[in-house]
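A.B. asks: Starting from the given sequences, assemble the full structure and let the hints guide the process.
Here the sequence shown stands for residues 1 to 398, where the numbers follow the working numbering.
Errors might be hidden in some of the hints.
[What the hints assert, rightly or not] Label pairs and their calculated CB-CB ranges:
1) Pro94 to Ala359: 56 to 62 angstroms
2) Thr90 to Pro323: 27 to 33 angstroms
3) Ala95 to Asp252: 46 to 52 angstroms
Keep in mind that the hints were calculated from the coordinates and are not lab data. Just so we're clear, the structure is a prediction, and the values are computed from it rather than from any experiment. Glycine included, every Cβ here is placed at the ideal spot set by N, Cα and C.
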Amino acid sequence: MLLVLPAVAPAQCSDELLLDGSEQLIEAGLDTTGLWWALVAPYAGQQRLIVGGYRTAAYDRILPPVLSRDGNHWATWAQRAGMWQLLVDTTALPAQCVSPGILAFAPNAPVLVASCYDGSVEVIAHGNAQYTVFRRVGDVALSPDGSHLAWVEQVQAQQRLMLDGREIVTGDAIRLGGFWQNGQLLYAYRAGAQWRLFRGTEELAGPFTDVGHVVVNRFGTAAVVHVHQQPWQQILLISDDFARPLPSQQYDSIWSVVCHPYLPQYGAVAVRQNTYFLLHTGTEYGVGRYPLGELTFTPDGSELYAIGCDVDCFLMLDGRRYPLGQDLSTALVVARRPHSQTFAYSTPTNLFVRRIDKAAFTYSRMCDAVLPAVYNRRRNRYEALGIVQGRLYLLFCP
Numbered sequence: 001m002l003l004v005l006p007a008v009a010p011a012q013c014s015d016e017l018l019l020d021g022s023e024q025l026i027e028a029g030l031d032t033t034g035l036w037w038a039l040v041a042p043y044a045g046q047q048r049l050i051v052g053g054y055r056t057a058a059y060d061r062i063l064p065p066v067l068s069r070d071g072n073h074w075a076t077w078a079q080r081a082g083m084w085q086l087l088v089d090t091t092a093l094p095a096q097c098v099s100p101g102i103l104a105f106a107p108n109a110p111v112l113v114a115s116c117y118d119g120s121v122e123v124i125a126h127g128n129a130q131y132t133v134f135r136r137v138g139d140v141a142l143s144p145d146g147s148h149l150a151w152v153e154q155v156q157a158q159q160r161l162m163l164d165g166r167e168i169v170t171g172d173a174i175r176l177g178g179f180w181q182n183g184q185l186l187y188a189y190r191a192g193a194q195w196r197l198f199r200g201t202e203e204l205a206g207p208f209t210d211v212g213h214v215v216v217n218r219f220g221t222a223a224v225v226h227v228h229q230q231p232w233q234q235i236l237l238i239s240d241d242f243a244r245p246l247p248s249q250q251y252d253s254i255w256s257v258v259c260h261p262y263l264p265q266y267g268a269v270a271v272r273q274n275t276y277f278l279l280h281t282g283t284e285y286g287v288g289r290y291p292l293g294e295l296t297f298t299p300d301g302s303e304l305y306a307i308g309c310d311v312d313c314f315l316m317l318d319g320r321r322y323p324l325g326q327d328l329s330t331a332l333v334v335a336r337r338p339h340s341q342t343f344a345y346s347t348p349t350n351l352f353v354r355r356i357d358k359a360a361f362t363y364s365r366m367c368d369a370v371l372p373a374v375y376n377r378r379r380n381r382y383e384a385l386g387i388v389q390g391r392l393y394l395l396f397c398p
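C.D. replies: Encoded structure:
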């Protein structure tokens with residue numbers, strides 16, 4: 001019998017000790033800029049946050065931080081003596097909060113919005129403005145530069161859309177998408193059984209029986225909307241490049257909708273008559289009898305990829321299938337360096353980097369646990385956090 005095994009390249013991965021284990025590790029994370037954070041317990045009943053090496057004071061409890069997209073800023077809530085305090089970068093702000101609410105950065109600027117609850121009343125702080133909110137529904141939306149803020153409130157049996165504290169529209173239900181580059185809001189509005197899509201006061205499309213995702217890219221230049229019109233579903237692509245929303249073909253079901261970071265493009269997974277498809281803007285690619293895993297654009301938007309599995313697993317990259325064998329699954333979180341022959345993922349014990357053009361891979365040191373892999377877009381390499389006997393390591397591979 002001839003047994004063919006994948007080639008293991010000489011170990012090219014390395015690691016860096018981040019935390020020596022002197023404080024108990026509670027939780028950790030890593031983003032695509034390479035900014036890492038960890039929650040540790042310096043004493044019994046105390047927690048400390050470490051972000052990129054900066055260490056906060058000890059508190060009774062600290063929540064995982066929110067990071068700005070550029071990786072240069074972070075914020076979190078920290079509790080001491082029953083009150084919550086806002087920590088932003090290396091500064092502890094004097095605001096005291098009974099119960100913390102939202103915490104978010106603008107899509108394309110280091111502008112922070114935060115809120116606190118006092119009973120059923122929520123107070124949102126945005127720049128120098130404060131807004132009192134009753135029964136907010138869903139997340140808030142910030143304009144790309146952070147200058148405008150929107151949210152939806154429940155008012156008895158109806159919902160109302162608020163922009164910088166002013167009521168814009170009231171309806172039976174509202175789906176808030178985000179801001180266009182000119183400051184107009186993109187949203188879906190239901191009156192009775194019919195949904196319609198608006199940008200500002202302009203009706204873009206409708207009526208529909210339902211509207212799912214409404215996603216605006218971080219520059220406010222393009223958006224994708226998942227609409228239902230029984231018995232079919234489709235995607236609408238919105239851009240100033242088009243006179244009207246550009247519809248996809250019709251499908252039995254659509255999910256995993258992602259928007260290109262800055263171009264009028266999208267990705268989605270769809271099914272029609274028990275056949276699954278990858279949708280890449282106006283093109284569909286057949287993927288067989290089973291759906292794909294998580295669909296992702298590379299950070300620069302140049303590639304759309306996902307893991308799929310039928311008899312064997314494969315990488316679906318811009319519509320092309322690269323066979324990988326049977327040792328993967330669609331549940332994997334996969335990172336990819338644009339325009340390379342590799343992709344990366346974490347197992348419970350290692351960071352793995354595999355080639356797509358041949359059966360070869362490299363891997364990191366063995367760990368007790370490894371967090372999901374990321375592509376560090378600043379340093380052009382694959383990274384993951386590994387834990388060995390309570391110590392935290394940064395694992396990295398070219």
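A.B. asks: Are the hints correct? Go through all of them and say.
C.D. replies: Going through the hints against the structure:
1. Pro94 to Ala359: 56 to 62 angstroms: Roughly 58 angstroms apart at Cβ, these two residues keep to the hinted range, so it holds.
2. Thr90 to Pro323: 27 to 33 angstroms: violated, 49 angstroms
3. Ala95 to Asp252: 46 to 52 angstroms: holds, 49 angstroms
When held up to the earlier numbered hints, the structure conflicts with hint 2 and nothing else.
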